[in-house]
Amino acid sequence: MVTIEVSPRGAKVNALGLDKKAYQGAPSTLCKGCGHDSISQRIMNVAWELGLDQTQVVKMSGIGCSSKSPAYFLGWSHAFNGLHGRMPALATGAVVANRNLTVIGVSGDGDTASIGTGQFKHAIRRNVPMVYIVENNGVYGLTKGQFSATADLGQKLKYAGVNNLPPLDICMEALAANATFVARSFAGDPKQVESLLKAAFSHRGIAVLDIISPCVTFNNHDDSTKSYSWGRAQETPLNELNFIPDYAEITIDSQYEGELQVEMHDGTKIVLKKLDPDYDPTDKLNAFRTLEEARQKQQFITGLIYVNEHERPDLHELLHFSDTPLVHLPEAVLRPSRETLQQVLASL
Amino acid sequence: MSIALQEAPAQQKVESPAIARTADRWVNNFAINIATVNGSGSQTSNGVLLRALFKMGIPVNGKNMFPSNIQGLPTWYIIRLSKDGYLGRKESYEVAVCMNGRTVAEDMANVAPGGIVIYDDSLPIPARRGDVTYYPVPVGQLVKEANLPYELRDYIANMVYVGALAYLLGIELKEIEDAISWNFSGRPKPTQLNMDMVRRAYAWAERNLVKSDPFRVERMSGFNEGKILVDGNTAAALGAIFGGVTVVSWYPITPASSVADALNKYLPQLRTEPETGKATFAIIQAEDELAALGMVVGAGWAGARAMTATSGPGLDLMAEFAGLAYFAEVPAVIWDIQRIGPSTGLPTRTSQGDIAAAYYLSHGDTRHVLLFPADPKECFEFGWLAFDLAERLQTLVIVLSDLDLGMNSWISDPFEYPDRPMDRGKVLTAEQVRELGGSWGRYKDVDGDGIAYRTLPGTPHPLAAYFTRGTGHDEYARYSERPEHWEANLNRLARKFETARRLVPGPIVERVEGARYGIITIGSNHPAVEEARDLLRAAGVETSYMRLRALPINEEVRRFIEEHDRIFVVENNRDGQLNLILLSEEPCCGEKLVSIARCNGWPLSAEWIADAIQKQM
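The listed protein sequences derive, respectively, from chains A and B. Residues in the first sequence are numbered consecutively from 1, following my numbering. Residues in the second sequence are numbered consecutively from 1, following my numbering.
Do not take every clue at face value.
[Unchecked claim] With a Cα cut of at most 20 Å, we get these calculated SDA-like pairs of lysine to any residue:
1. B:265 to A:266
2. B:278 to A:316
3. B:265 to A:319
4. B:278 to A:325
5. B:265 to A:345
6. A:20 to B:463
7. B:227 to A:330
8. B:278 to A:336
9. B:265 to B:254
10. B:278 to A:345
11. A:297 to A:346
12. B:278 to A:330
13. B:265 to A:336
14. A:21 to B:463
15. A:121 to B:288
16. B:144 to B:200
17. A:21 to B:461
18. A:121 to B:460
19. A:20 to B:471
20. B:278 to A:319
21. B:265 to A:334
22. B:174 to A:188
23. B:278 to A:232
24. A:144 to B:471
25. A:20 to B:460
26. B:426 to A:328
27. B:227 to A:340
28. B:278 to A:328
29. B:426 to A:320
[To be verified] Pulled a few chain A residues facing chain B out of the computed Cβ check, cut under 10 Å:
30. 26
31. 30
32. 57
33. 81
34. 91
35. 97
36. 118
37. 121
38. 324
39. 329
40. 345
FYI, nobody ran anything at the bench for these hints, they're computed from the structure. Idealized CB from N, CA, C, for every residue including glycine.
Turn these sequences into a full structure, and let the hints steer you where they fit.
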């Protein structure tokens with residue numbers, strides 16, 4: 001890529017020679033204290049730390065507060081703020097057209113769990129190579145406080161009254177659609193969000209991150225399960241992640257008790273420190289059971305809920321297309337010859 | 001179907017003087033209506049007949065009238081032979097092939113006076129008409145004698161009527177054999193099994209039927225030489241392939257699925273990397289039409305030539321993405337193979353009822369470029385041209401075909417190889433972005449044609465990125481709610497549409513010296529309109545003709561309207577949608593425009609068009 005002088009001498013730079021500022025976006029217009037801004041900060045930190053080439057990243061989003069947020073990070077990346085609930089289709093088209101792109105999809109609970117549930121599940125079904133972040137606050141912010149489909153049963157909101165429908169669990173839906181990387185986190189837990197993001201970028205196929213991201217304006221009261229106070233008090237991490245880039249020397253020769261190593265598709269490794277000794281994130285049935293038990297007990301479990309690098313191919317492999325991105329194929333490849341046309345005509 | 005049955009004398013003799021005197025008139029000049037049960041495999045037999053007649057040099061057109069059903073309901077195939085080269089629909093048929101007990105009464109009743117009926121002798125036959133010749137054929141017995149494998153029996157049984165027709169009409173067996181072989185891609189076994197059945201039926205007919213009617217075929221020349229026989233959807237798919245399509249996303253819907261089928265057939269053949277065996281394309285069957293167009297827009301935004309194919313209900317679902325493509329200025333191509341709406345309508349019947357919906361698809365101020373192919377050759381041409389236009393104009397292009405053109409086989413001129421390199425439009429490279437420094441604005445109209453320069457995701461320069469959104473934005477793609485930004489942008493889009501007027505294929509015009517009347521039509525109405533003009537000419541009415549190939553229209557349309565006293569706008573829908581668009585685009589010519597529109601599931605016929613025009617003169 002073309003290098004641009006952005007970092008003052010002496011500033012801390014990443015592998016591309018860029019300092020953190022190069023990974024910023026426009027100033028946020030979200031409410032002060034919004035969980036989404038915290039997630040944007042995590043994305044910037046991780047992208048910088050991993051030395052992601054922003055020009056090869058695309059930020060895809062739907063509609064809603066969450067979907068506005070790609071404007072506020074990675075300013076050197078193309079972005080497409082599309083239609084409500086239809087980010088997965090746009091992302092699928094883009095990453096099929098250009099397989100070299102790293103796709104960050106940002107969605108919300110309204111976008112993913114209501115209007116876009118179908119596209120969400122079908123993107124998972126296709127295993128579209130992307131990081132799919134749901135900034136989940138249980139409420140429609142931009143339209144001023146209606147319940148979303150992830151709001152808890154019996155939850156009260158000033159505008160919307162009492163919610164009498166059970167929530168849709170994004171991680172459960174992802175698992176049911178055969179997602180190969182499913183994680184839940186909390187915007188108020190920066191360390192965990194960052195470690196999950198790093199692992200997600202190394203995952204082959206779709207990585208779903210359901211991040212509880214409090215809405216400070218409409219849904220941050222203490223009895224809301226989408227509030228900062230609830231999250232801080234109730235968060236129960238299943239595991240702690242250490243992300244080891246592929247260029248780092250692996251020093252762990254043998255697994256310690258309570259640790260689990262997962263080798264990612266691109267050669268990186270994540271080392272999971274099990275906080276819950278019985279939790280194995282490669283066991284899908286156990287993942288279902290754990291999510292359901294947490295729901296019944298109103299527990300806020302976080303961490304890597306399920307991961308499997310070998311379960312099934314991603315969309316790129318399924319399509320069995322050229323190593324050269326389709327958008328880079330020249331006319332000589334794209335347009336068959338005159339002789340070919342004559343042969344086709346002769347066969348009709 | 002209405003014909004003059006009731007007016008015919010009840011007991012007219014078969015060899016009526018009228019028919020006998022003009023026997024030559026019935027050589028290569030009649031229509032065959034084949035009534036079968038859908039799902040029985042009659043499509044193969046019908047296709048074989050059409051191809052054999054085509055290869056004998058006879059101008060033919062086949063129209064499939066089929067139910068929205070998998071198996072068991074009535075289906076008809078109407079083959080029109082026209083020594084004069086008329087390929088449009090004809091209102092009546094002279095030869096009935098009755099293989100379906102459920103419709104046999106109606107099928108026999110509707111044969112034109114003096115016509116013939118070839119029927120399965122096991123069917124319950126209603127009272128015979130005196131003005132029709134009947135040829136019973138023992139289908140069951142012939143199939144039994146052929147001793148066919150049980151599972152193939154019903155399918156191959158349809159070859160009985162092929163053999164009977166071959167004898168009665170004089171279709172060359174060699175051409176039938178070639179057509180069967182073609183149908184089975186040269187595989188000898190099915191070819192032999194089917195041909196054997198044809199020969200048995202032919203031999204039986206030769207021994208048992210006494211030909212006593214004037215309908216027959218003869219090898220001829222002057223029309224089919226150098227031509228091909230192909231359906232519009234296959235042509236569309238091939239055109240897209242020669243236009244460099246890389247991403248296809250679609251959702252199954254009649255009558256558009258065969259576009260995707262043809263892409264699935266030909267793309268692997270024509271666009272696989274020889275060294276690696278890997279595809280230079282991607283086809284995705286989406287979960288619905290919203291996702292189908294969504295993937296196309298995502299791919300188009302990333303720089304791919306992407307398309308989808310759908311029909312009316314799917315187009316409705318695509319409305320929101322159509323608006324996004326228009327406003328965010330993303331190239332995309334939709335093939336809308338129109339069928340009857342509203343709602344599920346008649347899924348297997350043709351119509352041109354999406355013109356208005358497609359032109360203005362989506363909320364807000366939108367207008368889209370529409371292309372109207374008239375024949376397979378033009379389907380091929382618009383297959384690649386649509387991408388050039390979409391990328392040049394950075395917008396959605398909708399190609400409006402219809403079931404009649406898309407799913408039926410037509411005699412067509414061979415496809416012409418694209419006459420120009422691909423136009424990839426205004427796309428900046430990293431180097432160009434660098435040279436422009438900060439001055440590049442994604443939505444800045446630097447050339448005055450309303451088309452701004454875009455960059456593709458993945459362009460390796462920090463300044464190449466921009467934020468694409470359906471919300472308000474300024475020239476630099478920054479979010480904006482300022483009235484002046486909104487208005488300026490929307491007006492630029494209108495300017496871009498003016499540029500589109502100059503870029504889209506112009507109308508095909510035939511001016512007739514002294515003609516007071518003009519006809520404007522689109523797409524697959526062309527052959528019927530051409531024939532209607534001949535009928536009108538025979539009645540002493542000369543007409544000029546303009547076939548629109550695209551919207552928006554250009555100034556040629558106004559000139560054409562101004563040159564004539566009255567303009568008949570012919571289309572296959574109830575409300576005269578094209579006429580309404582012309583009225584709004586050329587309001588000063590309003591009083592001259594007369595809508596000639598109807599929608600009943602059939603392609604328009606020349607008789608109806610000529611009659612409707614005469615009533616409005």
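Hint check:
1. For the hint pairing residue 265 of chain B with residue 266 of chain A, the CA-to-CA distance comes to about 34 Å; that exceeds 20 Å, so the pair is violated.
2. As the CA atoms of residue 278 of chain B and residue 316 of chain A are separated by approximately 11 Å, the hinted pair is consistent with the 20 Å bound.
3. Distance hint between residue 265 of chain B and residue 319 of chain A is fulfilled; the C-alpha atoms sit about 15 Å from each other, no more than 20 Å.
4. Of the pairs offered as hints, the one joining residue 278 of chain B and residue 325 of chain A holds, with about 12 Å between alpha carbons and a cut-off of 20 Å not exceeded.
5. Taken as a hint, the residue 265 of chain B and residue 345 of chain A pair is honoured in the structure, with Cα atoms around 15 Å apart against an allowance of 20 Å.
6. Only pairs whose Cα atoms come within 20 Å are accepted, and residue 20 of chain A paired with residue 463 of chain B is accepted, the gap being roughly 17 Å.
7. This hinted pair does not check out: residue 227 of chain B and residue 330 of chain A have alpha carbons roughly 32 Å apart, beyond 20 Å.
8. In summary, the hint linking residue 278 of chain B to residue 336 of chain A is supported, as the alpha carbons are separated by about 15 Å, within the 20 Å threshold.
9. At roughly 18 Å between alpha-carbon atoms, residue 265 of chain B and residue 254 of chain B fall within 20 Å of each other, so this suggested pair holds.
10. The hinted pair formed by residue 278 of chain B and residue 345 of chain A fails the criterion: a straight-line CA distance of about 24 Å is larger than 20 Å.
11. Proposed proximity of residue 297 of chain A and residue 346 of chain A is contradicted: the alpha carbons are some 70 Å apart, above 20 Å.
12. Restraint check for residue 278 of chain B and residue 330 of chain A: the C-alpha separation of about 15 Å stays at or below 20 Å, so the hint holds.
13. Annotation: proposed proximity of residue 265 of chain B to residue 336 of chain A holds, straight-line Cα distance about 15 Å (limit 20 Å).
14. Under the criterion of a C-alpha separation no larger than 20 Å, the hint pairing residue 21 of chain A with residue 463 of chain B is consistent with the structure, at around 15 Å.
15. Among the hinted pairs, residue 121 of chain A with residue 288 of chain B is consistent with the structure: their alpha-carbon atoms are about 13 Å apart, no more than 20 Å.
16. Between residue 144 of chain B and residue 200 of chain B the alpha-carbon distance is near 11 Å, which keeps this suggested pair within the 20 Å criterion.
17. With a C-alpha separation of about 16 Å, the suggested pair residue 21 of chain A and residue 461 of chain B falls inside the 20 Å cut-off, and the hint holds.
18. Restraint check for residue 121 of chain A and residue 460 of chain B: the C-alpha separation of about 32 Å exceeds 20 Å, so the hint is violated.
19. Between residue 20 of chain A and residue 471 of chain B the alpha-carbon distance is near 29 Å, which puts this suggested pair outside the 20 Å criterion.
20. A hinted pair counts as satisfied when its Cα atoms are at most 20 Å apart, and residue 278 of chain B with residue 319 of chain A qualifies at roughly 9 Å.
21. Under the criterion of a C-alpha separation no larger than 20 Å, the hint pairing residue 265 of chain B with residue 334 of chain A is consistent with the structure, at around 16 Å.
22. Taken as a hint, the residue 174 of chain B and residue 188 of chain A pair is broken in the structure, with Cα atoms around 80 Å apart against an allowance of 20 Å.
23. This hinted pair does not check out: residue 278 of chain B and residue 232 of chain A have alpha carbons roughly 50 Å apart, beyond 20 Å.
24. Under the criterion of a C-alpha separation no larger than 20 Å, the hint pairing residue 144 of chain A with residue 471 of chain B is consistent with the structure, at around 19 Å.
25. A hinted pair counts as satisfied when its Cα atoms are at most 20 Å apart, and residue 20 of chain A with residue 460 of chain B qualifies at roughly 19 Å.
26. This hinted pair checks out: residue 426 of chain B and residue 328 of chain A have alpha carbons roughly 16 Å apart, not beyond 20 Å.
27. About 17 Å separates the Cα atoms of residue 227 of chain B and residue 340 of chain A, which keeps this hinted pair within 20 Å; it holds.
28. Of the supplied pair hints, the one linking residue 278 of chain B and residue 328 of chain A holds, its CA atoms being roughly 15 Å apart against a limit of 20 Å.
29. With a C-alpha separation of about 30 Å, the suggested pair residue 426 of chain B and residue 320 of chain A falls outside the 20 Å cut-off, and the hint is violated.
30. Look at residue 26 of chain A: its Cβ gets to within about 8 Å of chain B, closer than 10 Å, so that hint holds up.
31. Residue-level restraint check for residue 30 of chain A is violated (minimum Cβ-Cβ distance to chain B is 13 Å; threshold 10 Å).
32. This hint holds: residue 57 of chain A has a C-beta 8 Å from the nearest C-beta of chain B, less than the 10 Å allowed.
33. Below 10 Å, beta-carbon pairs count as interface contacts, and residue 81 of chain A has one with chain B at about 4 Å; its hint therefore holds.
34. Annotation: interface hint on residue 91 of chain A holds; nearest CB of chain B at approximately 6 Å, less than 10 Å.
35. A cut of 10 Å between beta carbons decides the hint on residue 97 of chain A: the least distance to chain B is about 4 Å, and the hint holds.
36. This hint holds: residue 118 of chain A has a C-beta 6 Å from the nearest C-beta of chain B, less than the 10 Å allowed.
37. With a cut of 10 Å, the hint placing residue 121 of chain A at the interface with chain B holds, because the nearest CB-to-CB distance is about 8 Å.
38. Proximity of residue 324 of chain A to chain B holds as hinted, the smallest CB-CB distance being about 8 Å (cut-off 10 Å).
39. Interface hint at residue 329 of chain A: satisfied, since its Cβ lies 6 Å from the closest Cβ of chain B, which is below the 10 Å cut-off.
40. At about 5 Å, the closest approach between the beta carbon of residue 345 of chain A and any beta carbon in chain B falls short of 10 Å, and the interface hint on this residue holds.
Hints 1, 7, 10, 11, 18, 19, 22, 23, 29 and 31, counting from the list given before, are not met by this structure.
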